[in-house]
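K.L.:
Spelled out from the first residue to the last, the chains are:
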Amino acid sequence: MAQSSAELHKKPSPQNHHHETFPWKHIVGYIISLVLTALAFGTALRLHLSTTMTLTIIVFLAVLQMLVQLFMFMHLTERIHGDTFQKIFIYTGVFFAAVVVVGTIWVMTFKSAVS
Amino acid sequence: MSQFMNFANTFLMWKEGPLIWISDVLIGLTSIGIIAVLVYFKAFKWLWKEWLTTVDHKKIGIMYIIAALLMLFRGGVDALLMRTQLAFPNEHFLTAQHYDEIFTTHGTIMILFMAMPLVIGLMNVAVPLMIGARDVAFPYLNAISFWMFFFGAMLLNVSFVFGGSPDGGWTSYPPYVEKMFDPGPGENYYIMALQIAGIGTIATGVNFIVTILKMRAPGMTLMKMPMFVWSILITSALIVFAFPALTVVLAQLLIDRIAGAHFFSTTAGGMPMNFINEFWIWGHPEVYIVILPAFGVFSEVVSTFSSKRLFGYSAMVGSMVAITFLSFGVWVHHFFTMGAGAAVNSFFGISTMAIAIPTGVKIFNWLSTMYKGRIRFTLPMMWTSAFIPSFVLGGGVTGVMLAVAPADYQFHNSYFLVAHFHYTLVGGTVFGMLAGLYYWWPKMFGFQLDERRGRHAFWWFVIGFNVCFLPQFLLGLMGMTRRMYTYPSGLGWWIPNFISTIGGFMMGVGFLLLVYQIVWSVRHMPRGVADDPWDARTLEWSLPSPAPEYNFARTPIIHGRDEWWYIKRGKFEQEFVEPTIQPIHMPKSSGRPFLIGLFMFVAGFGFVFEWYVLVVLGLLAVLVLMAWRSFEFDYYHHIPVSVVEKTEKALGRL
Chain D
0 MAQSSAELHK KPSPQNHHHE TFPWKHIVGY IISLVLTALA FGTALRLHLS
50 TTMTLTIIVF LAVLQMLVQL FMFMHLTERI HGDTFQKIFI YTGVFFAAVV
100 VVGTIWVMTF KSAVS
Chain P
0 MSQFMNFANT FLMWKEGPLI WISDVLIGLT SIGIIAVLVY FKAFKWLWKE
50 WLTTVDHKKI GIMYIIAALL MLFRGGVDAL LMRTQLAFPN EHFLTAQHYD
100 EIFTTHGTIM ILFMAMPLVI GLMNVAVPLM IGARDVAFPY LNAISFWMFF
150 FGAMLLNVSF VFGGSPDGGW TSYPPYVEKM FDPGPGENYY IMALQIAGIG
200 TIATGVNFIV TILKMRAPGM TLMKMPMFVW SILITSALIV FAFPALTVVL
250 AQLLIDRIAG AHFFSTTAGG MPMNFINEFW IWGHPEVYIV ILPAFGVFSE
300 VVSTFSSKRL FGYSAMVGSM VAITFLSFGV WVHHFFTMGA GAAVNSFFGI
350 STMAIAIPTG VKIFNWLSTM YKGRIRFTLP MMWTSAFIPS FVLGGGVTGV
400 MLAVAPADYQ FHNSYFLVAH FHYTLVGGTV FGMLAGLYYW WPKMFGFQLD
450 ERRGRHAFWW FVIGFNVCFL PQFLLGLMGM TRRMYTYPSG LGWWIPNFIS
500 TIGGFMMGVG FLLLVYQIVW SVRHMPRGVA DDPWDARTLE WSLPSPAPEY
550 NFARTPIIHG RDEWWYIKRG KFEQEFVEPT IQPIHMPKSS GRPFLIGLFM
600 FVAGFGFVFE WYVLVVLGLL AVLVLMAWRS FEFDYYHHIP VSVVEKTEKA
650 LGRL
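Which chain is which? The protein sequence lines are D and P, in order.
Per numbering that gives the first Met the number 0, the first sequence starts with residue 0, numbered consecutively.
Per numbering that gives the first Met the number 0, the second sequence starts with residue 0, numbered consecutively.
In case anyone wonders, no lab produced these hints; they're calculated from the structure.
All C-beta atoms in this analysis are idealised placements derived from N, C-alpha and C, irrespective of residue type, glycine included.
Careful, some of the hints might be misleading.
[Stated by the list, open to error] Mimicking EDC-like on lysine to aspartate or glutamate, the simulated pairs with C-alpha atoms at most 20 Å apart in a straight line are:
id : chain 1 : residue 1 : chain 2 : residue 2
1  : P       : 223       : P       : 574
2  : P       : 178       : P       : 99
3  : P       : 587       : P       : 531
4  : P       : 645       : P       : 577
5  : P       : 223       : D       : 82
6  : P       : 48        : P       : 633
7  : P       : 307       : P       : 531
8  : P       : 213       : D       : 77
9  : P       : 213       : D       : 82
[Unchecked claim] One side only, chain P facing chain D, incomplete, derived with CB under 10 Å:
id : residue
10 : 239
11 : 312
12 : 328
13 : 331
14 : 345
Pulled out of the complex, with its shape left as it was, chain D reads as follows (with noise of 0.2 Å):
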């Protein structure tokens, strides 16, 4: 709906918005990133399992979760020609998530050799 409001400031064709469709892909990824979130809690609090292991799972899980984001709502399949802006954020996005992770897990290092 928003983005059909930023379309229309350029061309005011009125009545050619309405969504016909069920937006089922939305609910699905829904649920599924709901379900996706209660295992990440179920893991951590219910199973007992070895600290790796639970670290494991739930990073897994964390993946799985980014990837319904960027599919389900984040419209990563629909290809518009000649629009390079959206490549551009998307790989300064994932590039500045590796430098978070990456560089949080080389500055929080420290700890074992303190510990």
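Following the hints, complete the assembly by docking chain P onto the known chain D.
P.N.:
This is chain P only, laid out in the frame that chain D set:
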């Protein structure tokens, strides 16, 4: 009676003494005053129709700026209370607890509720006008952003008269802010206020990326955009990439505090240092989020008032992009003393120094723009000229000193650091935003601010600023640490502190003169000033002042940078997409963004006191309002040609 006194002491903070009682009286009187004025002028309907429900980017921008100036007053009063306390050794005007609360709210308000809304306000006012758009891409979302910010700010501001202010510093470091050590509602206020305002900020980031990428007038390629628009594009990208880190870290802290988790506690595997790590992953880009728009303003102001094209346009763009990437690789310099090891500290020290390079490029570009220009020292130009030495010497050079990790062990958390970041944030952001405010004021309101009174404000503020913060470098080197609520005599700290306090009050006088200038100009300055009073260069000055609701009656076609300057000089011909005026498609006003903000406030308030009935009610109401929007299809209208023609005629445009 005793029950009431119990309530008054626990929640209304009456046990805290006269400062709170005075505040209560003042808040009461102000509220009564506002309501009385609204009743007297029968202005409720006007307020609701014209302002509270508006989705017009110009009005939203003005509301952001008004709110930011009010917050500047609040944060400034905090600052003066602190400076009064520190004017003499062994003073006990404020207790330690009060002092802690005051420096916490001072920092939080000044960065998140003064600098941010001032930046966002100016970008709201200027960006659509500069790119030839009729509004932002998502006007309704823009209104939601504003009300999220507004009610977030209100939530933080009620804390001190209802339940107690946060007292963990604006950085809110655990383990101190964990429930075990800091049980009151204050820290919850901090968390919820920032979360609610943060939603608005992220939405603004998305909004302006889309606006700038999708809604430029035909012909305006990226490299033909005004530099301010470039700076906002990059700022918006930084917001979208950095603010989620703050959201996550505050959510973790909230879960620690109200659900008993151990992300940052000292027991059960918690790691307090990781809060600091995550906080500054957001915190350092945030520094650039508030300074890059100021850089954008300076670029516009310098080129306008030197009557010259901006020197080194592509170098400016390149250096801002470089700053974006570098700003995500420097966050450890806020906690070198954590002791993450030589390799980590060297890496982040060097990356921090590297940021000085693109910043220096920009400084030289501004100087080169001024070189051989015909400089007019108007108010915007004066603030810009005050910025360059303050930012380079006070902020930049000391910043590189702080980046030297071994030396930072000496400077860390001392008044040297306090002076450094005030030179960047006041000397950079505040000067920049004031320059922008003066620059775009005629475009916003249709009259100029009086120069002579503005000069008084300028000199009081700028001299006071240096008198206030230069001695603090010395204090830092003499060993005074930040956040001390009082200090013993005999350390040689008294004189620099006393001078600093004088400077603080001079800045206060400067602020009052600024307010006087605005009030005087509202009453006395002639209306209907020239649409282009500065002989400026960019598209917004081709419009009437103030611009009509729809901004552009016809969409302009852009031929190059500084489009309006070359139209005035006869180098470009003014062309439009539509040969004649067409009906203009505009969004409808809506009261729901205001209500969404209000119910987020209710939910946030519930979280603060863990009154979950309020949380559920507030969030349900928000959900209903959002669902309502999803089923709304009649959210726009067309301004008919006759109305547009009438408006344009009244403005002398037809």
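K.L.:
Hint by hint, say whether it matches the structure.
P.N.:
Hint-by-hint comparison with the structure:
1. Pair hint residue 223(P) plus residue 574(P) holds up; C-alpha atoms about 16 Å apart against a cutoff of 20 Å.
2. Taken as a hint, the residue 178(P) and residue 99(P) pair is honoured in the structure, with Cα atoms around 17 Å apart against an allowance of 20 Å.
3. Under the criterion of a C-alpha separation no larger than 20 Å, the hint pairing residue 587(P) with residue 531(P) is inconsistent with the structure, at around 29 Å.
4. Straight-line distance between C-alpha atoms of residue 645(P) and residue 577(P) comes to about 18 Å, which keeps the hinted pair within the 20 Å bound.
5. Between residue 223(P) and residue 82(D), the direct Cα distance comes to roughly 18 Å. Compliance with the 20 Å bound is thereby established for this hinted pair.
6. Taking the CA atoms of residue 48(P) and residue 633(P), the gap is about 18 Å. The hint holds against a cut of 20 Å.
7. A C-alpha spacing of about 16 Å is found between residue 307(P) and residue 531(P), which places the hinted pair at or below 20 Å, so the restraint holds.
8. With a C-alpha separation of about 17 Å, the suggested pairing of residue 213(P) with residue 77(D) holds against the 20 Å cut-off.
9. A hinted pair counts as satisfied when its Cα atoms are at most 20 Å apart, and residue 213(P) with residue 82(D) qualifies at roughly 11 Å.
10. Hint status for residue 239(P) relative to chain D: holds, with the closest Cβ pair at about 8 Å, below 10 Å.
11. Contact between residue 312(P) and chain D, as hinted, is not supported at the beta carbon level, the nearest pair being about 20 Å apart and thus beyond 10 Å.
12. A least Cβ separation of about 6 Å between residue 328(P) and chain D falls short of the 10 Å threshold, and the interface hint therefore holds.
13. The criterion of a C-beta within 10 Å of any C-beta in chain D is met by residue 331(P), whose closest approach is roughly 6 Å, and the hint holds.
14. With its C-beta approaching chain D no nearer than about 12 Å, residue 345(P) sits outside the 10 Å limit, and its interface hint is violated.
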